[in-house]
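Let's have the full structure, built from the sequences with the hints guiding it.
Residue numbers (the working numbering), protein chains in the order written: chain A, 572 to 652; chain B, 12 to 105; chain C, 164 to 314.
Simulated from the structure, these hints should not be mistaken for laboratory data. Ideal Cβ positions, reconstructed from N, Cα and C, are used throughout, including at glycine. Some hints could be false.
Taking CB as the label site, the calculated pair distances span [claimed, not checked]:
hint: 1; chain 1: A; residue 1: Arg648; chain 2: C; residue 2: Leu171; range: 48 to 54 Å
hint: 2; chain 1: A; residue 1: Val621; chain 2: C; residue 2: Leu240; range: 42 to 48 Å
hint: 3; chain 1: B; residue 1: Arg51; chain 2: A; residue 2: Thr650; range: 47 to 53 Å
hint: 4; chain 1: B; residue 1: Tyr29; chain 2: C; residue 2: Pro270; range: 56 to 62 Å
hint: 5; chain 1: B; residue 1: His47; chain 2: C; residue 2: Leu279; range: 48 to 54 Å
hint: 6; chain 1: A; residue 1: Thr650; chain 2: B; residue 2: Ala26; range: 28 to 34 Å
hint: 7; chain 1: B; residue 1: Val48; chain 2: C; residue 2: Asp170; range: 52 to 58 Å
hint: 8; chain 1: B; residue 1: Glu54; chain 2: C; residue 2: Leu279; range: 18 to 24 Å
Here is how the chains run, residue by residue.
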Amino acid sequence: MIWIMEILILTILLICALAAIHVKDLLSSAILLGAYSFLMCILWAEMGAVDVAFTEAAVGAGISTAFFIGAIYQTTRRTKD
Amino acid sequence: MKLFALIIVIMTGAALIYSTLDMPDWGDPNSPASLHVSPRYIEKTIEETATPNAVTSVLADYRGYDTLGETTVIFTAAVVCILLLRRIEDDKTL
Amino acid sequence: MIRLYNDLIIQTVCRIMIPLIQLFAFYVIAHGHYSPGGGFQGGCILGASFILMLIAYDINWIKRRFSENKNVILIALGVFIYALVGLLCIFLGKEYLNYSAFQKLIPIDIARVRALGTLIIEIGVGITVMAVMVSIFLNLITFGKHEKGEV
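Below you can see the structure in the form of structure tokens.
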């Protein structure tokens, strides 16, 4: 049963990563990276590395999303390419 | 040029996936990483450091130098951020 | 970004949430021996609570209570605590960062002394990480001016 959940998480992870590259709005991209970090955190916790999952949730999903949003407000919100 | 880049990426990905076939299974007790030093830490961490969480005892006690270096890296990041970003308004020479 | 909104809902929610977040951060730092956690994660959560305060409230009000000088001193203080614990071990006759040297000061079981040394350096790491996160966010979001205004 656990491998079905694993495949599901990995699929959503891949979708999040591809969407974060392809989306034109940089704020959406930052939020998608936060969602990517949370899914990665679930994956670490499911593999038994609880400390790594905790670090991923605190740094990857919490602090770095705030830093990305702070950096976006110093530049334009939409990408040119 | 895009086709060339795609071929390079596909070849690199194929090499990486091929190399994962030789790696030990996840959680394999006979893998080289869990044969030498891990059992020593798992057996002795309670009686030597009184810390039930083995990750904390390895990170802060047995491998204290690593954590000191990590803290220094974070300190350096803050110093560089202050040096690059901070602006003092009334100083005209900057 | 740093326009002052004075939004009542955001400020009230933050006033309720921030003490709980800080309490959880101290729990994560202090309980790192028994559960997942430690200095780095707890420091990140503590820094996130201060970042929430910076977003929700007036930045000049924050700067009066938590000034830049104090923040820079806190950044250096964490690393200093860590290195000082190591040097103290040398002065007490053991190797650098060998916490069992503290048994001369606190005569209890050697395993408990090492757990105590681990706790002290976790507190140092937590202080550094908290102050670093606040400093980077404040410099990034105000473009180094440390005051509110249109960007």
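- Does the Cβ-Cβ separation between Arg648 of chain A and Leu171 of chain C fall within 48 to 54 Å? violated, 27 Å
- Query: Holds or violated: 18 to 24 Å for the Cβ distance of Glu54 of chain B and Leu279 of chain C?
  - Reply: Between Glu54 of chain B and Leu279 of chain C, where Cβ atoms are some 22 Å apart, the hint holds.
- Query: For the pair Thr650 of chain A and Ala26 of chain B, does the Cβ-Cβ distance stay inside 28 to 34 Å?
  - Reply: Check passed, 31 Å falls within 28 to 34 Å.
- Item | Cβ distance range 47 to 53 Å for Arg51 of chain B and Thr650 of chain A, holds or violated | holds, 51 Å
- Regarding Val48 of chain B and Asp170 of chain C, is the given constraint of 52 to 58 Å on their beta-carbon distance met? Holds, since Val48 of chain B and Asp170 of chain C (Cβ atoms, about 54 Å apart) stay within the stated range.
- Query: Is 48 to 54 Å a correct range for the gap between the Cβ atoms of His47 of chain B and Leu279 of chain C?
  - Reply: violated, 29 Å
- Query: Measuring from beta carbon to beta carbon, are Val621 of chain A and Leu240 of chain C in 42 to 48 Å?
  - Reply: violated, 29 Å
- Message: Given a hint of 56 to 62 Å, does the C-beta separation of Tyr29 of chain B and Pro270 of chain C actually sit inside it?
- Response: Because 59 Å falls inside the window, the suggested range holds.
The structure shown violates the earlier hints numbered 1, 2, 5.
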